[in-house]
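Enquirer: Each chain is listed here by its residues.
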Amino acid sequence: MNKTMTAASLALALGAALTVAAAPAAAADGKMSMEKEHCYGVALKGKNDCKAGAGTTCAGTSKTDYQSNAFVAVPKGTCEKTVSKTSPTGYGQLKEFKPKMAG
Amino acid sequence: MRGMRVSDQRIFADALLTGRPSCPPGLTAWNGSDPERRFAIYRSNVIVSLIDALADTFPVTQQLVGEEFFRAMARLFVQEHPPRSRILAFYGEGLANFIEAFAPAAAVPYLADVARLEMLRVSAYHAADAMPLTAEAISRLLADVAVLPEARIGLHPSLAVLRSGHAVVSLWAAHQAADAAQALAAVDPEAAETALVLRAGLDVEISRIPDGAAAFIEQMRQGAAFGDAAEQASAADPAFDLAATLGLLMRGGAITTMTIPRSATS
Chain A
1 MNKTMTAASL ALALGAALTV AAAPAAAADG KMSMEKEHCY GVALKGKNDC
51 KAGAGTTCAG TSKTDYQSNA FVAVPKGTCE KTVSKTSPTG YGQLKEFKPK
101 MAG
Chain B
1 MRGMRVSDQR IFADALLTGR PSCPPGLTAW NGSDPERRFA IYRSNVIVSL
51 IDALADTFPV TQQLVGEEFF RAMARLFVQE HPPRSRILAF YGEGLANFIE
101 AFAPAAAVPY LADVARLEML RVSAYHAADA MPLTAEAISR LLADVAVLPE
151 ARIGLHPSLA VLRSGHAVVS LWAAHQAADA AQALAAVDPE AAETALVLRA
201 GLDVEISRIP DGAAAFIEQM RQGAAFGDAA EQASAADPAF DLAATLGLLM
251 RGGAITTMTI PRSATS
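Residue numbers (the working numbering), protein chains in the order written: chain A, 1 to 103; chain B, 1 to 266.
These are computed hints drawn from the structure, not numbers from a lab. Take these hints with a grain of salt, some might be off.
[To be verified] Computed Cβ-Cβ distance ranges for the label pairs, DEER-style:
(1) Arg-163(B) - Leu-12(A): 27 to 37 Å
(2) Ala-192(B) - Ala-22(A): 25 to 35 Å
(3) Ala-8(A) - Glu-190(B): 38 to 48 Å
(4) Gly-15(A) - Arg-75(B): 35 to 45 Å
(5) Ala-107(B) - Thr-19(A): 45 to 55 Å
(6) Thr-19(A) - Arg-262(B): 24 to 34 Å
(7) Asp-188(B) - Thr-19(A): 27 to 37 Å
(8) Arg-163(B) - Ala-8(A): 23 to 33 Å
(9) Val-20(A) - Gln-79(B): 44 to 54 Å
(10) Gly-15(A) - Asp-129(B): 23 to 33 Å
(11) Glu-100(B) - Ala-16(A): 39 to 49 Å
(12) Gly-15(A) - Met-131(B): 17 to 27 Å
(13) Asp-203(B) - Leu-12(A): 29 to 39 Å
[Stated by the list, open to error] Some chain B residues close to chain A (C-beta under 10 Å, calculated; not the full set):
(14) Leu-142
(15) Ala-146
(16) Leu-148
(17) Ala-151
(18) Gly-154
(19) Gly-227
(20) Glu-231
(21) Ala-244
(22) Leu-246
(23) Gly-247
Being a predicted model, the structure only gives us computed values, none of them experimental. Just so you know, even glycine gets a beta-carbon here, dropped at the ideal spot from N, CA and C.
This is chain B alone, in the form it adopts within the complex:
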């Protein structure tokens, strides 16, 4: 394969993923057997290993539709979206969007968001480490209350928010229960939920958060000042509870920096 031309690579890749052509031209088998049959075995192994990789990353998505449906859907995804990176852990980032446009999955409208949540879990697992800010360091900021609204709050790299029109957290959590069928029966899939994904130590935790907390986090992620972020969150959700949201973030070790811009200090 050394010195393979780009056009030849294209043909090889097409043959591998779609079976058209069924065998790249010029292929020979070391023992004189039919290269087309040998290549078909290779193709099958490649596709099945990628479907297995998706099944590893999306266990709840698979449970929601069953193994047969999931694998058939995953096969189409693999053919349309082969991996772009050699790191298989992140393979499947496009699966949620694929599911959304996949007509046979329309009967399970929450499937795409569950897949999004499962991908966020893997990303959170691999996100960089960051030390949470100590209570002492946060207390020090209370010494100059006047500049507090200008503070910029940095959040843990693993933290992510997912807003869903469906009960994405409850659906996911029900599948972690010992009796998933019983737990699922208690879930109303049509209830909108917002998920917070955050890694604590080596464990990725998923919890439900109110809309206001999600708005506050999104504001701070965009670099908004503490005061403005709190304003926006209150406007978005009249029930926004700033103290409870900060408490939740601190408990999870999610607040990693809190700085006052130089221009704000007197």
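Extracted from the complex, chain A is given alone in its bound form:
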């Protein structure tokens, strides 16, 4: 059988892959902006995030809009720029907060 994949070509590919895989570490700034943060107080009713599937306690359980103890994953850095009607600061917060009184 004509082996197109010699041991040397496997080693070459593995070595090249190591270089490719190491590259994003150097570009850490770009990677960081892709990270998510948990943002409280900005999810609309029933729209809070959960990827755990049905029957888990967190998926879509928030009962009111802008519920202060429900979070949604948002692109990092955008949370505190997202409007929240219940938040004392007027924007989403990175921790649970006490909602301000309505009216």
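Given the coordinates of chain A, work out where chain B should sit on it, guided by the hints.
Expert: Okay, now just chain B, sitting in the frame of chain A:
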């Protein structure tokens, strides 16, 4: 209900899911109200909660056909395939096959594969953790190149591949966009795509991979040696790029073990 006979349980389950009989025999209400009406409320709650569970797991499937169609279809699925486990997170594993055989959904030929992809996402989320192999450990294998073709590569438990005759990844991704309608307009549903599902940290990521990469992953999953897996992938897809595929897997932390069988070492 203590000491209920198996035959009675059968009747109870049938009454609960199908409404035949409309009320299990011997049921009484504590306040003397009509047990048939009380049981109908219970039945409605059970079925609706299971339909809700499916809607939680298959949001894009639901968006593709609309809530009304999805819930009607889910109701039939619930009646035919009640949960076998108390873990609702995995309920719906049979939904994709059900959709495939469900005539009213035939107009949406990619629906079943989108449902498959959504189920794989949930499975990946709950898959076991595994530490990726460090670059140092992989580099060490390069010390003895002669035995490299015999290496066995272990992949992350969350990793899954889905081959579809439809644009399953693009369809799914379009529904994650802020303007789904606009993103969908750019998708050709008939373009075949292969999805890679992989969890990085707590995030399940879905990406498109070429056929050769899928063949390589499937070979390694079946325990093929590194050299043979690469051969097979090249045969399956002449454009197979081994370095790019390994790079993709390493970047995603998908390579968790790389071992040389004892018989291959000199």
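Enquirer: Using the Cβ atoms, figure out if Asp-188(B) sits within 27 to 37 Å of Thr-19(A).
Expert: 35 Å, holds
Enquirer: For the pair Gly-15(A) and Met-131(B), does the Cβ-Cβ distance stay inside 17 to 27 Å?
Expert: Because 22 Å falls inside the window, the suggested range holds.
Enquirer: So the hint says 44 to 54 Å: do the beta-carbon atoms of Val-20(A) and Gln-79(B) match that?
Expert: 50 Å, holds
Enquirer: State, for the Cβ atoms of Glu-100(B) and Ala-16(A), whether the hinted interval 39 to 49 Å holds or is violated.
Expert: 41 Å, holds
Enquirer: Under the criterion of a CB-CB separation shorter than 10 Å, is Leu-246(B) in contact with chain A as hinted?
Expert: 3 Å, holds
Enquirer: Next item in the hint list is Gly-227(B). Is there a CB on chain A closer than 10 Å to its CB?
Expert: Cβ of Gly-227(B) sits 5 Å from chain A, so the hint holds.
Enquirer: Verify the CB-CB distance for Ala-107(B) and Thr-19(A) against the hinted window 45 to 55 Å.
Expert: Since the Cβ atoms of Ala-107(B) and Thr-19(A) sit about 48 Å apart, the hinted range of 45 to 55 Å holds.
Enquirer: Hint check: is the beta carbon of Ala-151(B) less than 10 Å from a beta carbon of chain A?
Expert: Nearest chain A Cβ about 8 Å off; hint holds.
Enquirer: Should the interface hint for Glu-231(B) be scored as holding, given a Cβ-Cβ cut-off of 10 Å against chain A?
Expert: 5 Å, holds
Enquirer: Is 27 to 37 Å respected by the C-beta to C-beta distance linking Arg-163(B) and Leu-12(A)?
Expert: 28 Å, holds
Enquirer: Are Gly-15(A) and Arg-75(B) spaced within 35 to 45 Å by their CB atoms?
Expert: 55 Å, violated
Enquirer: Hey, does the Ala-244(B) contact hint survive, CB to chain A under 10 Å?
Expert: At about 7 Å, which falls below the 10 Å cut-off, the nearest Cβ of chain A leaves the hint on Ala-244(B) intact, so it holds.
Checked against the numbered hints above, the structure breaks hints 4, 18 and satisfies the rest.
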